[in-house]
Structures are given as structure tokens and as C-alpha cells.
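Chemist: This is what each chain is made of:
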Amino acid sequence: MSTLYSNMRPAIAASEAMTLPQRHYTDPDCFQREMEAIHFDMWLCAGRANQIPNPGDYFVRRVANASIIIVRDELRDIRAFHNVCRHRGTLLCNQDEGTLVGRIQCPYHAWTYKLDGALENAPHMNKVEGFREEDYPLNAVATNVWDGHIFINLSAHPVPFAEHLAGLDVKFRPWRMEELELVERRVYQLKANWKLIIQNYSECLHCPIAHPLLQKHSHYMSGDNEPPHATYLGGRMDLRDGVKSLTIDGTSLRSCLPGLNTADQRHVYYYCILPNFLLNLHPDYMLTFTLWTRAVDHTEILCEWHFHPDEISKPGFNAKDAVDFWELTNQQDWELSNRAQAGISSKGYRPGPYSNREELLLALDRFVLERVQGQRD
Amino acid sequence: MSTLYSNMRPAIAASEAMTLPQRHYTDPDCFQREMEAIHFDMWLCAGRANQIPNPGDYFVRRVANASIIIVRDELRDIRAFHNVCRHRGTLLCNQDEGTLVGRIQCPYHAWTYKLDGALENAPHMNKVEGFREEDYPLNAVATNVWDGHIFINLSAHPVPFAEHLAGLDVKFRPWRMEELELVERRVYQLKANWKLIIQNYSECLHCPIAHPLLQKHSHYMSGDNEPPHATYLGGRMDLRDGVKSLTIDGTSLRSCLPGLNTADQRHVYYYCILPNFLLNLHPDYMLTFTLWTRAVDHTEILCEWHFHPDEISKPGFNAKDAVDFWELTNQQDWELSNRAQAGISSKGYRPGPYSNREELLLALDRFVLERVQGQRD
Amino acid sequence: MSTLYSNMRPAIAASEAMTLPQRHYTDPDCFQREMEAIHFDMWLCAGRANQIPNPGDYFVRRVANASIIIVRDELRDIRAFHNVCRHRGTLLCNQDEGTLVGRIQCPYHAWTYKLDGALENAPHMNKVEGFREEDYPLNAVATNVWDGHIFINLSAHPVPFAEHLAGLDVKFRPWRMEELELVERRVYQLKANWKLIIQNYSECLHCPIAHPLLQKHSHYMSGDNEPPHATYLGGRMDLRDGVKSLTIDGTSLRSCLPGLNTADQRHVYYYCILPNFLLNLHPDYMLTFTLWTRAVDHTEILCEWHFHPDEISKPGFNAKDAVDFWELTNQQDWELSNRAQAGISSKGYRPGPYSNREELLLALDRFVLERVQGQRD
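Protein chains in written order, with the numbering used here: chain B, 7 to 383; chain Y, 7 to 383; chain G, 7 to 383.
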């Protein structure tokens with residue numbers, strides 16, 4: 007690990023490390039290009055496998071103008087489909103989550119699909135010359151699962167999932183994330199471009215100013231990043247002496263996650279698996295954020311707290327200390343991200359210089375530019 | 007009639023009868039082209055002549071960005087004008103309906119027009135060299151009346167009204183619609199393109215799924231369409247044995263409309279006179295829908311129930327059975343139309359195949375494409 | 007004065023003096039061009055110097071997408087800056103007004119600026135090769151003060167302020183505006199293009215129809231305009247016999263402003279200093295409107311009532327008679343401006359003819375066209 011977390015910051019020259027021009031945060035066409043090159047092309051974290059334990063259980067996620075059903079099929083495999091009937095385009099599932107009894111039926115004309123997406127019944131279409139049900143399955147979206155996290159990919163030719171994970175599965179195996187269970191969820195609507203939320207997440211220079219409680223539990227200069235990777239950005243910070251976890255009072259009645267070594271019991275890991283998954287690993291719980299782009303200046307965030315079932319089952323289990331800590335910290339960050347959007351959108355904005363503790367932000371900008379320019383060719 | 011309602015469905019090949027591409031339902035430019043080629047070029051049903059019985063009575067209708075005053079003039083003729091002062095463009099009538107006392111006066115500078123649109127008084131303009139009042143009448147909109155239905159046409163060169171009606175006036179003469187009176191009105195705002203509302207209206211394949219009560223009163227397979235016509239689409243369905251009309255319980259205390267023969271007392275006629283008028287003729291009442299396009303994904307619908315004055319004047323007359331039936335059925339249809347808009351707008355939408363019981367929808371699509379392409383030349 | 011206020015109206019030929027085409031009131035691109043050529047290029051009245059009496063006092067004004075801080079610095083000079091941090095573009099001041107304690111600090115990463123805009127502290131940037139604090143002051147906006155009115159100019163090369171005032175400072179010196187103090191403020195949101203508000207302000211033909219109380223206190227034909235000037239449009243109207251000022255009942259318990267001669271005690275002056283400042287001088291008070299463009303069809307108006315401190319300090323001082331008079335009159339004008347926007351935006355709008363008592367409106371239109379066309383070259 008010592009080679010990864012070296013605390014050796016790269017030297018950044020002021021003339022070469024500037025924030026992006028305004029249009030990247032305000033222009034709907036730029037947004038559309040980013041969606042095509044990034045969100046519609048890469049693996050997105052959609053949620054947790056144990057949120058849909060039984061066949062027919064499903065939830066719906068929306069990214070830009072796409073609506074996707076994630077469902078467990080009869081063979082207990084996880085499938086994803088565009089939430090659109092192949093007949094006349096009606097939205098199939100109107101609820102954010104629920105259970106489908108063995109099939110997906112359009113409420114308009116009763117076209118009926120199996121949970122694997124195959125068209126099973128299309129009333130009155132037998133009279134249509136040349137119509138074949140096998141030509142009209144639901145439009146499938148690729149899926150994969152890593153340690154309990156469901157990923158989807160809207161591309162027709164998804165990059166191999168292992169290439170996307172790039173070894174993170176090995177790195178985070180000790181946390182045994184697959185075992186963890188969702189306890190609490192908050193949904194936030196931000197008036198901010200998705201990149202500003204990742205930028206806010208990827209540096210702790212703002213922590214002493216914006217997050218006094220976080221700063222009390224972990225010194226902001228303890229943040230130590232990996233060199234940026236093609237598909238993720240991240241690092242870890244140290245808990246101060248006497249602090250057990252990021253909770254309101256820095257204590258925790260919960261045991262540490264069972265697989266952690268002594269060193270990892272003293273760190274909080276903050277990783278952004280590009281482009282939509284923020285993974286925060288604490289000694290005793292996992293916090294996840296999934297970002298759902300809505301428009302160039304609007305992002306929905308699902309924030310979820312996950313705990314080990316051994317702790318959940320204990321009498322007196324209570325997640326409030328962890329939930330309240332992050333609810334407070336989140337509100338501070340969302341306020342700053344909204345203010346960044348407001349300022350960058352205004353006439354007076356000019357690209358400004360990054361410090362060399364903002365190297366992950368520079369890496370994000372370069373990732374976006376390369377993706378979008380690569381797509382154009 | 008037997009030749010018109012043949013129940014001989016055309017054979018449709020799957021490869022040739024697909025729904026329209028997404029842009030026709032989401033692109034503001036497509037919408038604007040449709041407005042120019044269709045709604046601003048064809049006859050629109052605006053309302054009923056007996057809603058403005060006396061000189062000065064008026065109502066206002068809006069289609070896309072046009073606002074039109076429909077008014078009865080001093081000679082009791084029905085006139086229509088753009089609702090805009092010729093001086094500095096002020097909106098003249100701010101209310102949806104009312105009575106003008108002998109003239110239309112702009113509230114800004116008191117330019118005053120006669121009810122026939124002529125500019126009567128333009129204060130202080132007499133000092134302007136070359137100004138002539140006859141050069142500034144209200145911008146007129148063509149009008150016509152068919153059996154009590156007022157039609158307007160925003161084109162500078164409207165197609166002859168008889169050509170638009172194409173014999174429907176003869177066909178529906180027995181219903182003596184002119185005599186009928188408005189009893190109830192509902193206004194609905196749909197998040198749906200106008201074409202989706204006509205499509206929903208033009209097939210009953212969805213009836214057994216979406217409209218159990220309608221299906222109880224009339225079997226959906228009884229629907230029998232005329233071959234599509236250039237300016238209208240329609241057909242009729244049979245009432246089941248023992249059902250007197252489309253009401254909550256299928257009975258009716260009202261007599262049938264006086265001119266109907268025995269056969270027409272057993273049918274409900276559903277006609278779409280393109281592009282904005284849905285006419286539903288029941289044995290004992292008339293239901294009308296007029297569609298008012300607001301944006302590519304927003305349509306206002308005025309739904310009105312009309313009855314014969316002989317029935318209205320009877321003690322105990324009550325329209326609730328008919329109003330409640332359609333209020334229920336409308337809500338089911340609007341929900342489906344909104345869901346169609348949501349699905350077609352989403353990334354996963356692809357054109358899908360029509361069945362041969364959806365021949366009127368295919369005819370609508372072809373009508374739209376021909377109109378819009380014809381306009382471009 | 008007699009040469010200025012001649013009541014000699016120019017002869018206007020109907021064919022040559024028409025209102026502008028629709029796009030000037032509805033097209034976002036037209037709006038953007040007007041902002042660049044006019045609001046971002048000319049001097050704008052921002053408020054009053056005595057609203058920020060002490061170092062650190064500030065208020066924020068927004069014009070189109072620009073957000074500007076106006077602040078009094080440590081040397082008691084008035085400064086203006088774009089409200090955007092030079093680091094990552096965060097909006098600096100979130101409140102409309104307040105007091106900064108000696109510096110402007112970004113809430114995100116604590117970049118800190120002196121009240122003269124100099125960057126004082128940029129944490130962690132000392133590690134960045136080639137970074138110099140003097141390269142990143144706040145983006146300055148030019149300022150000037152005329153008789154207590156603060157003006158700002160967003161252009162990189164502002165026209166000399168004296169050229170903009172064009173002698174109005176001499177003309178209005180007797181009113182001693184610098185001494186006057188703000189007593190009441192109202193903020194209005196209009197669904198109208200900014201030009202419609204100036205047009206409404208620049209003629210009184212509508213007064214007998216829309217403003218019966220104003221008409222009772224001052225005959226609308228007494229309005230007498232100066233020939234239009236490159237940077238302002240204006241004139242004056244006479245108070246009727248027995249009327250002391252524009253108040254609800256036409257009386258006033260206040261003394262006239264101390265510098266006025268007998269003639270000016272009988273007039274109300276209405277000047278539009280282009281493009282955003284409407285200045286109404288009454289015998290006993292000053293009424294100011296500043297217009298803040300938000301979008302092609304949205305303008306915010308700040309309306310403020312200012313009185314002489316000698317009167318304010320008198321026992322029983324009460325501004326209600328003047329506030330209520332204009333609150334009533336404003337509402338009548340805003341309603342008309344909103345209706346003008348609605349009508350001009352509609353399909354039926356055609357440019358219409360100006361009377362020769364609307365010569366200031368024609369001058370405004372020509373000013374706009376010249377500015378926008380000049381910018382394009």
C-alpha cells in the first residue's frame with residue numbers, strides 16, 4: 007500500500023492546470039456529448055444486489071433521458087432493460103421500485119415480456135404479416151455485479167467489466183462489501199453539474215472551512231491520494247487518535263467490519279469509480295453515493311448507508327450517529343456545489359488555477375476532455 | 007353504411023407500419039413545422055355557436071403561440087381575430103370568455119375596434135402623416151359553422167370548408183347536433199404530444215386493459231372503422247345487449263336523440279376531424295374534445311358534454327351518469343398518453359410495429375408526414 | 007429650458023415609424039446580443055452610495071447572467087467586482103446585501119481578497135510553480151457616482167462617465183439628489199422584455215385610460231419631452247392647479263426639496279438614463295426604478311422612494327402617501343407591460359404604427375438597433 011498512498015503530490019504549473027471553460031458546466035450540447043461519451047458508454051453503479059433479492063424484484067434508475075429497469079429474473083440473474091415497450095414506446099414501470107409477478111406487462115396494450123426480456127405475448131400481432139416475437143425483446147442493458155454492487159452499461163459494446171474495475175475488486179476485498187446491508191437512504195436534488203459533485207468529493211482542502219466536525223475527526227492534510235487511474239480516482243484519510251469512525255461524536259458502538267486489518271481500521275477510503283459511483287469505506291460501515299445526471303445543471307444523488315448484518319441484528323443497533331454525521335456533511339457539500347454552479351455560470355467566471363492538492367480534479371477534467379474528444383473522432 | 011363499416015382490416019406488413027421516430031414527439035422544431043403545416047393551415051374546431059348567443063359574446067382559444075378571439079358581431083355573424091392590438095401588440099382579451107359591449111377596446115391606448123374587426127378609433131393617430139384606419143383592422147381568422155360547431159382557420163388561404171368536412175355534415179345530420187346544448191365542461195392538461203392523444207382515441211385495443219367499464223358496455227372488438235380519409239379518421243362501436251348508452255351503469259333515463267334510426271341508437275360513433283376535434287356521438291348525448299397544442303409535450307384538452315334541450319328541460323335531468331363515465335375513462339386515457347410521451351422521450355425508444363387494428367394510427371402518421379413534407383417544398 | 011421642452015412633436019410618417027419585429031421581444035439570441043451591445047457595455051445605475059456608508063458594506067446586483075458585488079472599500083471608495091472566486095468559480099456573496107469584515111473570503115477554499123479586490127491569501131497555492139497572487143485579483147467592474155447614484159460598467163473599455171451623463175448632472179443639480187435618503191423599496195418581477203418597461207415609461211398616452219389618479223393630478227397632454235439624446239430619454243409633466251405632488255390625494259405635508267425654483271416645484275420630471283435607470287423627480291421626493299434584465303421575457307424592477315433628511319427627521323414624517331400612489335400606478339403599468347409581452351409574443355403580432363406622441367419609443371427602438379448592429383460589425 008505504501009507505494010499507492012505516497013503523499014507525493016505532483017508538481018503542477020499554474021499555467022497548465024486550470025479549471026475548465028464555462029460551457030462544460032452550462033451548455034446543454036456539452037452535456038449531451040458527455041452523456042454519449044461517458045455515462046452512456048461506461049459502467050454505472052445502479053444499486054445493490056440485495057435490494058432485489060427475489061425474482062421479479064426491480065428498481066428503476068434514470069440517467070439523462072434514459073430510464074432503466076433493473077430486475078432479478080426467474081433464474082435469479084440480474085437483468086437490466088430500457089423501460090420502454092417495443093410496441094408503441096410506453097413507459098413500462100411507473101414506480102421507482104417494486105415486484106413484478108413473473109413478467110413485465112405494458113399497461114397500454116398488454117404486450118408481455120418475460121423477466122429475461124423476451125417478448126412472450128403481443129396481442130393481435132399474429133395478424134401482421136412477417137411479425138415475429140423474437141424480433142421485439144426488451145432493449146437490453148449490460149449488467150455486472152461486484153461485491154454486491156450492481157453495475158449497468160448502456161453501450162452496445164461495453165468495455166469488459168474487469169477492465170473497468172482495474173483491480174479495485176482485489177483491493178477492497180477485505181471489506182467484504184457483498185455482506186453489507188442497506189439501512190438508510192437519502193435522495194438529494196442538486197442544482198449542479200455532475201462534475202462539480204465529483205470535484206467536491208475529490209479534495210479535502212475545503213474541509214477545515216466547510217466541515218468543522220469532519221476536520222475534528224480527521225485532519226484534512228491526512229488525505230492521501232492514489233495516482234489517478236483511467237476509471238477511478240481515490241485515496242484515504244486518517245482518523246485522529248481516539249476517533250473510531252466518522253460519526254457525530256467520533257465514537258461507535260459497532261465492531262469494525264470483520265475482514266479489516268489494524269491499519270484499515272484507522273482509515274476512511276474515498277473512491278470515485280467514474281463516472282457515477284462514490285464509495286466511502288469506514289471502519290464500521292459503507293457509505294455509497296450514486297450520481298444520476300438529469301441536466302447540465304441538475305444531478306440527483308442517492309446516498310445510502312450500509313452495515314454488517316451481525317451488527318444490524320444486535321439489540322440496540324442504531325445507525326443514527328453515522329447518518330447524522332453525513333447528513334450534516336452532505337448538506338455542507340451540496341451548498342458549496344450549488345454555489346460553484348452559480349458562480350461558474352455567471353458572466354464573471356474565468357478558468358482558475360488548481361493547487362497541487364487538487365490533482366484528482368485535474369485528472370477528472372482531463373478524463374472528460376479525452377472521452378469527449380475521442381468520441382468526436 | 008355497410009360499405010363504410012366493413013370490418014375489413016387492411017393487411018399491414020410489420021416492416022412497413024412502424025411508429026414514428028422519437029423527434030416527432032420531442033423536438034420543438036418538429037412541433038413548429040407541424041403547427042405551420044397542420045394546425046395553422048387546417049380548420050380547427052373552436053367551440054359551439056350557442057356558447058356565444060348574443061352580439062359581443064366571445065371566447066378565446068390558444069393554439070401554440072396563437073391567441074384567437076371568437077366573437078359574435080352586431081349582425082350575429084361569428085367572427086374570429088388574432089387577440090392582438092394593431093398599435094403596439096397588446097393582448098386585447100385577458101379572460102377566457104365574456105361579453106364585449108359593442109366594441110373591442112385595447113386597455114393600453116384605447117385603440118377601438120368594431121365587432122367586425124374594423125378599427126373605429128385610434129387616438130392621436132390623426133397627426134400621423136399617411137395613417138389610415140382602414141389599414142389596421144384586427145387580423146382576421148376565417149370561421150365557419152357546421153351543425154353548431156364553430157371552426158376557425160388561421161391560414162391566409164383556407165381550404166374550402168366543405169372540402170374539409172368531406173361529407174361528414176350529411177353523414178351526421180340525423181344527430182341534429184346544432185340543437186344540442188352544453189351542460190358540462192372539463193379542462194385537462196396533458197404532458198403529451200397532440201398526436202398521442204389522437205392515437206389513443208383511434209384504437210380500442212387498449213380498452214379491455216385500461217377501461218374495464220367501457221369494455222363491459224361495449225366489446226372492444228366491435229369497433230369498426232371507416233377507411234381513413236384525408237381530413238378525418240373514425241368509426242363506430244356497438245353497445246352490448248341491454249346497454250342504452252355509455253354511462254356509469256349503462257342505463258339512461260334520457261330519450262335517444264330525436265333524429266336517430268334504430269341502428270344508430272345501438273352505436274357510439276368516434277370520429278377525429280383532423281387535427282383537433284374528437285367527436286363522440288352517443289344515442290342520447292354528444293361528447294366533444296377539442297385539443298389545444300401548447301408545446302411539443304403539452305396539450306390542453308377541453309372535454310364537453312352536450313344534451314338535447316328537451317331532456318335538459320325535464321324535471322330531474324341529470325348528466326352525472328355520462329359525465330362520471332367519461333371522467334373515469336378520460337383519466338385512464340390521459341395516464342396512458344402521458345406514459346407514452348415519457349417512454350417515447352426516453353433513450354430506449356425505437357419505432358415499433360402497428361397491428362392491423364391500428365390502421366387509423368398509421369393513417370395519422372402518414373397524414374402528418376405528408377403535410378410536413380409538403381410544406382417544406 | 008424653453009428650448010428643451012418645446013412641445014414641438016416631430017412629424018412621424020406612418021410608414022417609417024413602426025414597432026420592432028417580434029424577435030426583439032422573444033428571441034433569446036436577440037436578448038443576448040442586446041446584453042452584449044447595451045447592458046454589458048453601458049453604465050448601469052446600481053443603487054445609492056448611502057446604502058453602503060461604511061467600509062465592507064455591500065450589495066449585489068444581477069444583470070442577465072452577471073452577478074456583481076458593489077462594496078465600499080477601506081479607503082471609503084466604492085468598488086465593484088464580479089461575484090466569482092478566481093480559484094474555482096464559486097459565487098462569493100450569497101446574500102443580496104450585508105457587511106464584509108475587512109475582506110471577501112470564498113466559503114469554499116478560503117481564497118481571501120481585500121476590499122479593493124486584491125488577492126491576499128490563496129491557501130496551498132504557494133506550492134504551485136509560477137503562481138503569483140497579483141495575477142488573480144477579483145475581476146473588477148468600473149464604477150462612478152453621480153449625485154449619490156452609483157453606476158457600474160461591465161465593459162473592459164467603458165465610455166467616459168461624463169459622456170454618458172451628457173450634462174444631466176448640471177441639469178439636475180438643483181434637486182441635490184446626493185442628500186436624499188432611501189425610505190422605501192419594492193421589488194417587482196415582470197414577465198416582460200426590458201424595452202417594454204421603458205416604452206411604458208416613455209409616453210403618457212395610456213395615462214387617462216390606465217391611471218385615472220395620475221390623470222387627476224397631472225393632465226397627460228402636459229407631458230413635454232426633450233428631443234431624444236444618445237444616452238437618455240425624458241421630459242416633464244405639469245402638476246394641475248392645487249396639486250402639490252404625486253401622492254394619493256395630491257397634497258403633501260412635506261416641504262419641497264430645498265434647491266428647487268418655483269417652476270420646478272410645479273413639474274414632475276421623468277427621465278430614462280439608458281439602459282436601466284428611470285429617474286422620477288417630484289417637488290418633494292425622488293422616485294427611482296432600476297431595471298435588471300433576467301431573460302428576454304423577464305425583468306426585475308427595484309423601485310425606491312427617497313426623501314430629504316430634513317423631512318425624514320421631522321416628527322410625524324410619513325411616506326405612505328407617495329408610496330401608495332406609485333404602488334397603485336406601478337401595478338397598472340406592470341399589468342400593461344405583461345400584456346404587451348403576451349400579445350407581441352403571439353402569432354398574430356405585426357409591427358404597428360407609432361403616433362407622434364410616442365417619439366421617445368421610436369428613439370429607443372433606433373438606439374437598440376444601432377447598438378446591436380454596431381456591435382456586429
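Calculated from the structure, these hints are not laboratory results.
All residues carry an ideal CB built from backbone N, CA and C; glycine is no exception.
A hint or two may mislead.
Claimed, not checked - Straight-line Cα separation of at most 30 Å, DSS-like style, residue types lysine-lysine; simulated pairs:
1) K326(B) - K250(B)
2) K222(B) - K177(B)
3) K133(G) - K222(B)
4) K120(G) - K222(G)
5) K133(Y) - K222(G)
6) K353(B) - K120(G)
Said to hold, decoys possible - Not everything, but these chain Y residues come out facing chain B in the computed CB check (under 10 Å):
7) R182
8) K320
9) P321
10) T335
11) L342
12) N344
Chemist: Given the hint that K326(B) pairs with K250(B), test it: the Cα-Cα distance must not exceed 30 Å.
Modeler: 15 Å, holds
Chemist: Per the CB criterion, is P321(Y) less than 10 Å away from chain B?
Modeler: Because about 43 Å separates P321(Y) from the closest Cβ in chain B, which is outside the 10 Å limit, the hint is violated.
Chemist: Have a go at the R182(Y) hint: is there a Cβ in chain B nearer than 10 Å to its own Cβ?
Modeler: Violated: closest Cβ of chain B sits about 36 Å from R182(Y), beyond 10 Å.
Chemist: Going straight from one Cα to the other, do K133(G) and K222(B) come out at no more than 30 Å?
Modeler: 25 Å, holds
Chemist: Per the CB criterion, is N344(Y) less than 10 Å away from chain B?
Modeler: Hint on N344(Y): holds, closest Cβ of chain B at ~9 Å, below 10 Å.
Chemist: Please verify that hint: K320(Y), Cβ, nearest Cβ of chain B, below 10 Å or not.
Modeler: Hint on K320(Y): violated, closest Cβ of chain B at ~40 Å, above 10 Å.
Chemist: Compare the distance between the alpha carbons of K120(G) and K222(G) with 30 Å, and conclude whether the hinted pair is satisfied.
Modeler: 53 Å, violated
Chemist: Is K133(Y) close enough to K222(G), meaning Cα to Cα at most 30 Å?
Modeler: At roughly 25 Å apart (the allowed maximum being 30 Å), K222(G) and K133(Y) satisfy the hint.
Chemist: Answer holds if the nearest beta-carbon of chain B is closer than 10 Å to that of L342(Y); otherwise answer violated.
Modeler: 5 Å, holds
Chemist: Hinted pair, alpha-carbon criterion (30 Å max): K353(B), K120(G). Please report holds or violated.
Modeler: 21 Å, holds
Chemist: Tell me if the straight-line CA distance from K222(B) to K177(B) falls inside 30 Å.
Modeler: Roughly 28 Å between the alpha carbons, so the hint for K222(B) and K177(B) holds.
Chemist: For the hint on T335(Y), just tell me whether its beta-carbon gets within less than 10 Å of chain B.
Modeler: Because about 15 Å separates T335(Y) from the closest Cβ in chain B, which is outside the 10 Å limit, the hint is violated.
Of the hints listed earlier, those the structure fails to meet are numbers 4, 7, 8, 9, 10, in rising order.
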